[in-house]
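Use the sequences and the hints to build the structure in full.
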Amino acid sequence: MVEVVKKKPVVKALVYGLLSTILYYLLLTKQNLYAPYFTKGGVYAFLIILTAFIFSFVHGTFTDCFWKVLGIEPKKRREVK
Numbered sequence: 001m002v003e004v005v006k007k008k009p010v011v012k013a014l015v016y017g018l019l020s021t022i023l024y025y026l027l028l029t030k031q032n033l034y035a036p037y038f039t040k041g042g043v044y045a046f047l048i049i050l051t052a053f054i055f056s057f058v059h060g061t062f063t064d065c066f067w068k069v070l071g072i073e074p075k076k077r078r079e080v081k
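Just so we're aligned, residue 1 is where the sequence shown starts under this note's numbering, counting upward by one.
Keep in mind that the hints were calculated from the coordinates and are not lab data. Since the model is a prediction, treat every value here as computed from it, not as a measurement. Do not rely on the hints blindly, as some may be mistaken.
Stated by the list, open to error - In silico DMTMM-like cross-links for lysine to aspartate or glutamate, where the CA-CA straight-line distance does not exceed 25 Å:
id	residue 1	residue 2
1	K6	E79
2	K7	E73
3	K76	E3
4	K12	D64
5	K12	E79
6	K6	D64
7	K12	E73
8	K68	E3
9	K40	E3
Structure representation (structure tokens):
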């Protein structure tokens, strides 16, 4: 039986980690750029939701890659016959 060795997503983890850091930096230091739009209401309220989805995707992808690089993955389920 041959075991398949998966490559660890080191570069992907670094890229998404850097992107996540940049997003959080902009969120915390450049509030004057986006706060006026977030507080307008109406259609602009969707900007907050879009921002949350972007943060969730970027940070979630980084976290997934981070744990894979460390070698921590969920157990595989066995098929029930």
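Legend entry - Restraint status (C-alpha distance of K12 to E79 at most 25 Å): 31 Å, violated
Legend entry - Hinted pair K12 and E73, Cα distance within 25 Å: Distance of about 16 Å is within 25 Å: holds.
Inset, instruction - Below or equal to 25 Å on CA atoms is what counts here, so check K12 against D64. - result: Within the cut-off at roughly 10 Å; holds.
Inset, instruction - Take a quick look at whether K68 and E3 sit within 25 Å of each other, Cα to Cα. - result: 17 Å, holds
Legend entry - Pair hint outcome, K40 versus E3 [Cα-Cα no greater than 25 Å]: 56 Å, violated
Legend entry - Pair hint outcome, K76 versus E3 [Cα-Cα no greater than 25 Å]: The hint holds at about 15 Å.
Legend entry - Pairwise hint evaluation, E79 against K6, where the allowed Cα distance is 25 Å at most: 22 Å, holds
Inset, instruction - Take the C-alpha atoms of K7 and E73, compute the straight-line distance between them, and say whether it is at most 25 Å. - result: 13 Å, holds
Legend entry - Agreement of K6 and D64 with the hint, judged by alpha carbon distance not exceeding 25 Å: Holds, because 15 Å separates the two Cα atoms, which is no more than 25 Å.
Of the numbered hints listed earlier, those contradicted by the structure are 5, 9.
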